[in-house]
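There are 2 protein chains.
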Amino acid sequence: MKKIFLSILYCTAFVPVSSQDMDSAYIKMIYNKALREQQSYGWLEELCLDIGHRLSGSPQAERAVKWADSLMRALKFNVYRQECMVPFWSRGPKEQAWIVTRDNKIEVPILALGGSVATPPEGIKAKIVEVKSFDELDVLGKTGQVRGKIVFFNKIMDPAYINPFEAYGEAVRYRWEGAMRAARHGAAAVVVRSMTTAIDDFPHTGSMGYNDTTLKIPACAISTRAAETLSKFRIGNPDLEFHFIQQPKSGPDVKSYNVIGEIKGTEKPDEIIVVGGHLDSWDVGHGAHDNGTGCVQAIEALHLLKSLNIPLKRTVRVVMFMNEENGGRGGAKFAELARKNKEKIIAAIESDAGGHTPRGFSFKGDARKIEKAMRFRNYFTPYLADLWGPGYGGADINHLEDLGTLLIGFRPDSQRYFDYHHSQNDTFDKVHPRELALGSASMAALIYLLSQYGVE
Amino acid sequence: MKKIFLSILYCTAFVPVSSQDMDSAYIKMIYNKALREQQSYGWLEELCLDIGHRLSGSPQAERAVKWADSLMRALKFNVYRQECMVPFWSRGPKEQAWIVTRDNKIEVPILALGGSVATPPEGIKAKIVEVKSFDELDVLGKTGQVRGKIVFFNKIMDPAYINPFEAYGEAVRYRWEGAMRAARHGAAAVVVRSMTTAIDDFPHTGSMGYNDTTLKIPACAISTRAAETLSKFRIGNPDLEFHFIQQPKSGPDVKSYNVIGEIKGTEKPDEIIVVGGHLDSWDVGHGAHDNGTGCVQAIEALHLLKSLNIPLKRTVRVVMFMNEENGGRGGAKFAELARKNKEKIIAAIESDAGGHTPRGFSFKGDARKIEKAMRFRNYFTPYLADLWGPGYGGADINHLEDLGTLLIGFRPDSQRYFDYHHSQNDTFDKVHPRELALGSASMAALIYLLSQYGVE
Numbered sequence: 001m002k003k004i005f006l007s008i009l010y011c012t013a014f015v016p017v018s019s020q021d022m023d024s025a026y027i028k029m030i031y032n033k034a035l036r037e038q039q040s041y042g043w044l045e046e047l048c049l050d051i052g053h054r055l056s057g058s059p060q061a062e063r064a065v066k067w068a069d070s071l072m073r074a075l076k077f078n079v080y081r082q083e084c085m086v087p088f089w090s091r092g093p094k095e096q097a098w099i100v101t102r103d104n105k106i107e108v109p110i111l112a113l114g115g116s117v118a119t120p121p122e123g124i125k126a127k128i129v130e131v132k133s134f135d136e137l138d139v140l141g142k143t144g145q146v147r148g149k150i151v152f153f154n155k156i157m158d159p160a161y162i163n164p165f166e167a168y169g170e171a172v173r174y175r176w177e178g179a180m181r182a183a184r185h186g187a188a189a190v191v192v193r194s195m196t197t198a199i200d201d202f203p204h205t206g207s208m209g210y211n212d213t214t215l216k217i218p219a220c221a222i223s224t225r226a227a228e229t230l231s232k233f234r235i236g237n238p239d240l241e242f243h244f245i246q247q248p249k250s251g252p253d254v255k256s257y258n259v260i261g262e263i264k265g266t267e268k269p270d271e272i273i274v275v276g277g278h279l280d281s282w283d284v285g286h287g288a289h290d291n292g293t294g295c296v297q298a299i300e301a302l303h304l305l306k307s308l309n310i311p312l313k314r315t316v317r318v319v320m321f322m323n324e325e326n327g328g329r330g331g332a333k334f335a336e337l338a339r340k341n342k343e344k345i346i347a348a349i350e351s352d353a354g355g356h357t358p359r360g361f362s363f364k365g366d367a368r369k370i371e372k373a374m375r376f377r378n379y380f381t382p383y384l385a386d387l388w389g390p391g392y393g394g395a396d397i398n399h400l401e402d403l404g405t406l407l408i409g410f411r412p413d414s415q416r417y418f419d420y421h422h423s424q425n426d427t428f429d430k431v432h433p434r435e436l437a438l439g440s441a442s443m444a445a446l447i448y449l450l451s452q453y454g455v456e
Numbered sequence: 001m002k003k004i005f006l007s008i009l010y011c012t013a014f015v016p017v018s019s020q021d022m023d024s025a026y027i028k029m030i031y032n033k034a035l036r037e038q039q040s041y042g043w044l045e046e047l048c049l050d051i052g053h054r055l056s057g058s059p060q061a062e063r064a065v066k067w068a069d070s071l072m073r074a075l076k077f078n079v080y081r082q083e084c085m086v087p088f089w090s091r092g093p094k095e096q097a098w099i100v101t102r103d104n105k106i107e108v109p110i111l112a113l114g115g116s117v118a119t120p121p122e123g124i125k126a127k128i129v130e131v132k133s134f135d136e137l138d139v140l141g142k143t144g145q146v147r148g149k150i151v152f153f154n155k156i157m158d159p160a161y162i163n164p165f166e167a168y169g170e171a172v173r174y175r176w177e178g179a180m181r182a183a184r185h186g187a188a189a190v191v192v193r194s195m196t197t198a199i200d201d202f203p204h205t206g207s208m209g210y211n212d213t214t215l216k217i218p219a220c221a222i223s224t225r226a227a228e229t230l231s232k233f234r235i236g237n238p239d240l241e242f243h244f245i246q247q248p249k250s251g252p253d254v255k256s257y258n259v260i261g262e263i264k265g266t267e268k269p270d271e272i273i274v275v276g277g278h279l280d281s282w283d284v285g286h287g288a289h290d291n292g293t294g295c296v297q298a299i300e301a302l303h304l305l306k307s308l309n310i311p312l313k314r315t316v317r318v319v320m321f322m323n324e325e326n327g328g329r330g331g332a333k334f335a336e337l338a339r340k341n342k343e344k345i346i347a348a349i350e351s352d353a354g355g356h357t358p359r360g361f362s363f364k365g366d367a368r369k370i371e372k373a374m375r376f377r378n379y380f381t382p383y384l385a386d387l388w389g390p391g392y393g394g395a396d397i398n399h400l401e402d403l404g405t406l407l408i409g410f411r412p413d414s415q416r417y418f419d420y421h422h423s424q425n426d427t428f429d430k431v432h433p434r435e436l437a438l439g440s441a442s443m444a445a446l447i448y449l450l451s452q453y454g455v456e
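First to last, the protein sequences are chains A and B.
Just so we're aligned: 246 in our numbering is position 246 of the first sequence, and the numbers increase by one with no gaps anywhere.
Just so we're aligned: 10 in our numbering is position 10 of the second sequence, and the numbers increase by one with no gaps anywhere.
What the hints contain is simulated information worked out from the structure, not anything from laboratory work.
Be aware that a few hints might be false.
Beta-carbon label-pair distances, calculated as ranges [what the hints assert, rightly or not]:
(1) Ser-24/A x Ser-133/B: 26 to 36 Å
(2) Gly-42/A x Glu-371/B: 31 to 41 Å
(3) Gly-389/A x Ile-106/B: 50 to 60 Å
(4) Gln-96/B x Lys-232/A: 26 to 36 Å
(5) Gly-209/B x Arg-63/A: 50 to 60 Å
(6) Met-374/A x Arg-377/B: 14 to 24 Å
(7) Asp-253/B x Pro-390/A: 58 to 68 Å
(8) Leu-49/B x Asp-201/A: 16 to 26 Å
Simulated pairs of lysine to aspartate or glutamate, DMTMM-like, Cα-Cα distance not exceeding 25 Å [what the hints assert, rightly or not]:
(9) Lys-372/B x Glu-343/B
(10) Lys-76/B x Asp-50/B
(11) Lys-132/B x Glu-37/A
(12) Lys-430/B x Asp-158/A
(13) Lys-232/A x Glu-37/B
(14) Lys-430/B x Asp-201/A
(15) Lys-430/A x Glu-45/B
(16) Lys-430/A x Asp-429/B
(17) Lys-232/B x Glu-37/A
(18) Lys-364/A x Asp-386/B
(19) Lys-28/B x Asp-158/A
(20) Lys-306/B x Asp-21/B
(21) Lys-430/A x Asp-200/B
(22) Lys-28/B x Glu-170/A
(23) Lys-430/A x Glu-343/B
(24) Lys-430/B x Glu-45/A
(25) Lys-430/B x Asp-200/A
(26) Lys-364/B x Asp-386/A
(27) Lys-28/B x Asp-386/A
(28) Lys-306/A x Asp-158/B
(29) Lys-430/A x Glu-435/B
(30) Lys-430/A x Asp-158/B
(31) Lys-430/B x Asp-429/A
(32) Lys-28/A x Asp-158/B
(33) Lys-28/A x Glu-170/B
(34) Lys-28/A x Asp-386/B
(35) Lys-430/B x Glu-435/A
(36) Lys-132/A x Glu-37/B
(37) Lys-28/B x Glu-166/A
(38) Lys-340/A x Asp-270/A
(39) Lys-28/A x Glu-166/B
(40) Lys-94/B x Asp-21/B
Note that beta-carbon positions come from the ideal geometry of N, C-alpha and C, so glycine has one too.
So here's chain A without its partners, still in its complex pose (with noise of 0.2 Å):
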C-alpha cells in the first residue's frame, strides 16, 4: 500500500493532480473492480445455498458466523467476535390454517409471527373481527365484539407511496402492537395481513411483541392473497370461523456473535468507520435482500478498498450484526462494548434494505458532520447514487446515536424489497450481480472519503 500511496504523492509533486481529481480516480478505480471482478455474488451464493436463513440461536447462524469469520481472515481482515446473548424461538412444525364455512374449509398460508406463542395442539377456531386500525379495533372492543375471536388486522400496505418503505413503517405497527391490543380486548389470537403491497401466496412473518401486563395470545401472519380472501368470504358468511395451528417454542437465551473484521488506519487509526449489515435472517427463504446482501456488500466493501491499495487514513471495521431480526442484540452489544473502551466511532454504514440498484444514502446525526458529509455528495453523480439527504440509519447501527456516530443508511431502489422481505420468497436467484456490485463499491467509495477526511 504504501508503494503506490508514496508514488502517487510523488506524482503529484510535479503534475498538479488535486485532491478532488485523485479521489475520483480512487472511486473511479473501486466501481470498476466491482463491475469487473465483483466476489459478493459468489459469497452470496454460500451464504444463502450453502448456509440457507439462519434466525440467530439456529444452528444456521452459528454456521454463518464460522463462514463470516473464515472469509474475513482469508481476506485478511483483523477478525474478532463479539459474545452476545441471543433469544431463542423456533417456528415448529409447518402451520396450518383453514378459513371455516359453514360449507367449505378453505386452506390459506401463514406463517407464526416472529416470538409468537403456540396454539394449543388442536389450534384456536373461532370467529374473525376484521379491523383496519386500533381505532375500530377499540371502537369493537368497547362493545365486546371481540372477545373470544380472532382478530383479523386487514391493514393494507399503500401502494401509493413512492417509497414502499413509508408504507412498511405506516402497516408495520399492526404486527407489532396486535396481538397486545387485541388482547386487551379478549381476543383469543391475532391474524395480520402480510406487510407486502404484492398481491401472492407467501405470508411474510417478522417480529411481534408482548407485554407483561395482557395475555399472550398467538399472532399469525397471512398471505395478501388470502387476506383479501378471507376479507371477500366474511360478506355473506356471518358464521364464518378462521382455524389455525402453529406450534413455535421459545427458549432461554443463546450464546452467538458479532463477527468484525477490520483494516487499521495509517494516520488516524483511533477514528472509526463501521459498516455492516446483519447476518441473521428470518427462517425462511434465504435470507437474501435481508440481509445477505448487506452482509456480503460490507464485505466486498472493505475487500475493494484493500487489494486495491487505497490509503486509508481511519480504521474501518466491518460488522456482521447478529440477532437484529429478532431483539437487537448484537447491535446493542456492539454500542455497548464501544462505549465501555472509549472507542470513537466516527461514522457508521449499514446497507438493510435489499441488495438493488443503488440510489443513495441518508443521514442521521449532528448537522455540521451531515453538512460535511453531504459535500461527498457530488462524486457519487456519475455513478447514479446521488440521492443523499437526512434520514435513517439502520437498525443496527442507530444503538450508537448517543455516541455520536454519524449514522448512514444505504438506500438502493426498494420498489421490489417487499415482495421478498421475511418471506419465502426472499432468495437467491432475486439479487442481480450488477446491482449487488453497485452498492458494495458506493459503500466502499463512501467510506474511503470517510477515511481520508473524517467527519468533522
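Assemble the complex: chain A is given as a structure, and chain B must be docked to it using the hints.
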C-alpha cells in the same frame, strides 16, 4: 372534464392556488392512480402471454395490431392506423451449433441474427478465427488467415460502464457490421458473442446488416457462456471447428401498421405530443421489456390523464410503432406522414429502454426547447425520477428530428435490461408491476406538463 377544470378555475378565484401547486396536485393524482389502480400490468400480460413474441410481418404482429387497436378503442381514444410495408424474415427451424474438437462435439446455444441468410442445409463447418475488434480482423485478413473460416467476434460488453447502454453501444457494431467486414476477407460465416453482461445460456439476436459489395454470409449470436467456452477450447485445440445450421428465410415486404390512439387538445389541438413504444419484438421470449412495457406505459399514460379528467390543452397521440427491431419502417412512415400532413409535433416521448424503475428522461433537439422542458424537472424529484439531461431520444421518434420535434427518451434503471434484451429470457415475469406503473405515471406527468405549457 370541463366540470372539474371549471371548478378548479373557480377555486383559484378565491383561494390563492398557484399553477405550480395545481400542477403538483395533478401529478400527485397521476402517481396515486397509477400505483393504486394500475392497468398496464394486466395489458402486458395479455400482450406477452396471449400473443407472445411478434416480429413484424408475423401473424403475431398482426394480432398485436388488432389487440392495440381494440384496447385503445375500449379506452375511448380516437384510434386509427397507418399502413406501412415491413420486411419479411422468418427464423425457420431451431438453429443447431457445435464446437467440434478432434475428440468431442459440444452443442452450444445460438440464434440466427435478424436478417441473416441461411447456411446450406448441412450447415457450415469451418475453423474459427477469434477477434475482439475489427482492427484484429483486418490484420488477420490481410495475411489471408480469415479466408474460408468462421469469424468469432468475441467482444465483451464492458461491465464497468454504469449505464449498460453505453457498453451495448460500444459492442453492438460487431453484430451489425460483423458479416460485412468478415466477408471482405473471404470468411465463410460469423458468430457474434451475445450483447449482454450476464454470463448465461441465452443467445441474444438482433439486427445485422449486409451491403451490395460483399457476399452475404450467415451470421449468428452465441450465448456468452458458450462464447467463453469456445474461446477457452481454442487454446490447445488448433484443429477446433465450429459447425452451425440455420435456415431463416426472407421474403417480399408485408403490409403492417402503426396503431395510433389520440385525444384532441382543448386549446391548441394542432400542437401534438407523441408518446410511444414499439409493438413489434424479436421472435423469441415475450418481447416483455423490449418493448411490451413501452407500449402499455404509453397507453396507460394517456388513459391516466383521460380517466382523471386532467385538462389537456394540446393533442396527445399514443403511437404503437411497427418494425422498430428490423427496419424502423413504422417510425419512418410516421415521420413521413407527419411531414406530408404538415403536422406540428412539438414533442415525442419514447419508452424503449425497459420497464424498470424510472430514473428520468433524456432530451434531444433545439437547445432552447430542452432548456424549457428542463424546468419541469423539479416536479419529478418527489418521485425519484429527476435524472434529466440532454441525450438520446428513441429509435422510432428519432425520425422526427428534422421536423423540429423535441425528442424525449424515457430512462429507467437499466442494470438488468441486457439480461433479457432480444432473447428467450425477455418474459412477462421479469417485469415488476410497481416499476411499470411508476413509468406510466412519469410519462403521464411529463405529457401533462408539455400539453399545458408546450415547448416554445
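We went through each hint and held it up to the structure:
1. Restraint check, Ser-24/A to Ser-133/B: a C-beta distance of roughly 28 Å satisfies the suggested window 26 to 36 Å.
2. Checked against the given bound of 31 to 41 Å, the beta carbons of Gly-42/A and Glu-371/B, roughly 47 Å apart, lie outside it.
3. Distance hint check for Gly-389/A and Ile-106/B: the Cβ-Cβ separation is about 53 Å, which falls inside the suggested range of 50 to 60 Å.
4. Checking the proposed 26 to 36 Å range against Gln-96/B and Lys-232/A shows it is violated: the Cβ atoms sit about 52 Å from each other.
5. One distance hint, 50 to 60 Å for the beta-carbon pair Gly-209/B and Arg-63/A, holds here, with the actual separation near 55 Å.
6. Separation of Met-374/A from Arg-377/B is about 20 Å and conforms to the stated range, judged on CB atoms against 14 to 24 Å.
7. Checked against the given bound of 58 to 68 Å, the beta carbons of Asp-253/B and Pro-390/A, roughly 60 Å apart, stay inside it.
8. Distance hint for Leu-49/B and Asp-201/A: a CB-CB separation of about 19 Å, consistent with the stated range 16 to 26 Å.
9. For the given pair, Lys-372/B sits about 21 Å from Glu-343/B by alpha-carbon distance, which is consistent with the 25 Å threshold.
10. Between the alpha carbons of Lys-76/B and Asp-50/B the distance comes to roughly 23 Å, so the proposed pair stays at or under 25 Å and holds.
11. Distance restraint check for Lys-132/B and Glu-37/A: the Cα-Cα separation of roughly 20 Å lies within the 25 Å cut-off, and the hinted pair is therefore satisfied.
12. With a C-alpha separation of about 23 Å, the suggested pairing of Lys-430/B with Asp-158/A holds against the 25 Å cut-off.
13. Between the alpha carbons of Lys-232/A and Glu-37/B the distance comes to roughly 19 Å, so the proposed pair stays at or under 25 Å and holds.
14. A C-alpha spacing of about 18 Å is found between Lys-430/B and Asp-201/A, which places the hinted pair at or below 25 Å, so the restraint holds.
15. Among the hinted pairs, Lys-430/A with Glu-45/B is consistent with the structure: their alpha-carbon atoms are about 21 Å apart, no more than 25 Å.
16. Annotation: proposed proximity of Lys-430/A to Asp-429/B holds, straight-line Cα distance about 12 Å (limit 25 Å).
17. For the proposed pair Lys-232/B and Glu-37/A, the alpha carbon gap of about 19 Å is at most 25 Å, so the pair holds.
18. As the CA atoms of Lys-364/A and Asp-386/B are separated by approximately 24 Å, the hinted pair is consistent with the 25 Å bound.
19. About 14 Å separates the Cα atoms of Lys-28/B and Asp-158/A, which keeps this hinted pair within 25 Å; it holds.
20. As the CA atoms of Lys-306/B and Asp-21/B are separated by approximately 20 Å, the hinted pair is consistent with the 25 Å bound.
21. With a CA separation close to 16 Å, the supplied pair Lys-430/A and Asp-200/B stays within the 25 Å bound.
22. In summary, the hint linking Lys-28/B to Glu-170/A is supported, as the alpha carbons are separated by about 19 Å, within the 25 Å threshold.
23. Between Lys-430/A and Glu-343/B the alpha-carbon distance is near 47 Å, which puts this suggested pair outside the 25 Å criterion.
24. The hinted pair formed by Lys-430/B and Glu-45/A meets the criterion: a straight-line CA distance of about 21 Å does not exceed 25 Å.
25. Annotation: proposed proximity of Lys-430/B to Asp-200/A holds, straight-line Cα distance about 16 Å (limit 25 Å).
26. Distance restraint check for Lys-364/B and Asp-386/A: the Cα-Cα separation of roughly 24 Å lies within the 25 Å cut-off, and the hinted pair is therefore satisfied.
27. Of the pairs offered as hints, the one joining Lys-28/B and Asp-386/A holds, with about 24 Å between alpha carbons and a cut-off of 25 Å not exceeded.
28. Taken as a hint, the Lys-306/A and Asp-158/B pair is honoured in the structure, with Cα atoms around 23 Å apart against an allowance of 25 Å.
29. Distance check on the hinted pair: Lys-430/A and Glu-435/B sit about 15 Å apart at the alpha-carbon level, within 25 Å; holds.
30. The suggested pairing of Lys-430/A with Asp-158/B holds, with an alpha-carbon distance near 23 Å, which does not exceed 25 Å.
31. Under the criterion of a C-alpha separation no larger than 25 Å, the hint pairing Lys-430/B with Asp-429/A is consistent with the structure, at around 12 Å.
32. Using a Cα cut-off of 25 Å, the hinted pair Lys-28/A and Asp-158/B holds, with the two alpha carbons roughly 14 Å apart.
33. For a cut-off of 25 Å, the pair hint linking Lys-28/A to Glu-170/B stands: about 19 Å separates their Cα positions.
34. With a C-alpha separation of about 24 Å, the suggested pairing of Lys-28/A with Asp-386/B holds against the 25 Å cut-off.
35. As the CA atoms of Lys-430/B and Glu-435/A are separated by approximately 15 Å, the hinted pair is consistent with the 25 Å bound.
36. For a cut-off of 25 Å, the pair hint linking Lys-132/A to Glu-37/B stands: about 20 Å separates their Cα positions.
37. Under the criterion of a C-alpha separation no larger than 25 Å, the hint pairing Lys-28/B with Glu-166/A is consistent with the structure, at around 16 Å.
38. The suggested pairing of Lys-340/A with Asp-270/A holds, with an alpha-carbon distance near 15 Å, which does not exceed 25 Å.
39. Simply put, Lys-28/A and Glu-166/B have alpha-carbon atoms about 16 Å apart, close enough for the 25 Å limit, and the pair holds.
40. Proximity of Lys-94/B to Asp-21/B is assessed by CA-CA distance (about 57 Å); at most 25 Å being required, the pair is judged violated.
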